[in-house]
Amino acid sequence: RKRARTQSVYNLLMQFIFHFKTFIQHLLFSRVTYQRFMLHYCQRGDVEKASHILETMRTKNLPLNAAVLDALVLGNVRQGNMEGVDSVLKAMSSAGLNPTAHTYAIIMGGYAKKGDIENVQKILEDTANKEIYFSDKVS
120 RKRARTQSVY NLLMQFIFHF KTFIQHLLFS RVTYQRFMLH YCQRGDVEKA SHILETMRTK
180 NLPLNAAVLD ALVLGNVRQG NMEGVDSVLK AMSSAGLNPT AHTYAIIMGG YAKKGDIENV
240 QKILEDTANK EIYFSDKVS
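According to this note's numbering, the sequence shown is numbered sequentially starting from 120.
I should point out that these hints are in silico values taken from the structure, not numbers from a laboratory. A portion of the hints provided could be inaccurate.
Below, computed lysine to aspartate or glutamate pairings styled on DMTMM-like, alpha-carbon distance capped at 20 angstroms [as the list claims (entries may be wrong)]:
1) Lys179 / Glu202
2) Lys241 / Asp205
3) Lys209 / Asp245
4) Lys233 / Glu202
5) Lys249 / Asp205
6) Lys241 / Glu202
7) Lys209 / Glu167
8) Lys249 / Glu237
9) Lys232 / Asp165
10) Lys233 / Asp205
Label pairs and their in silico Cβ distance ranges [unchecked claim]:
11) Asp205 / Phe135: 39 to 49 angstroms
12) Met133 / Lys241: 52 to 62 angstroms
13) Lys168 / Met201: 18 to 28 angstroms
14) Phe135 / Asn248: 52 to 62 angstroms
15) Val151 / Ser213: 19 to 29 angstroms
16) Met201 / Phe253: 12 to 22 angstroms
17) Asn248 / Phe137: 56 to 66 angstroms
18) Ser127 / Ala231: 57 to 67 angstroms
19) Arg122 / Lys168: 36 to 46 angstroms
20) Ala210 / Phe253: 21 to 31 angstroms
21) Lys179 / Asp255: 46 to 56 angstroms
Built from N, CA and C at the ideal position, the CB exists for glycine as well.
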């Protein structure tokens, strides 16, 4: 009798999970919602989960923008993966997007954290040559 009740509860739970998954799959998320999910994962350095979100965005033909790619830059910086940062910059370029002062500030923060002041100075010189200026506003 106890076993039958346990099986019944298990079956009910499985039905609930199935219907909940179906419900979640049918929710319509906007680009901004996906962008926030990506930022959430990237702030924690979880580029793998952020990449899954990016793939979902591509599947749904949602446009990529600088904020989405800046989040990936941040995720790679948090992982200490500066090669990954370079890959994101190449993806930005191929998408017709230019890195912003914010993008470069994230990258410089990654280099500074590693103690790589040479690359920080290089970025400062490159941005000055491109006439990209940093504001003194702290967000």
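So, against the hints stated earlier in the document, which numbers end up violated here? 1, 21
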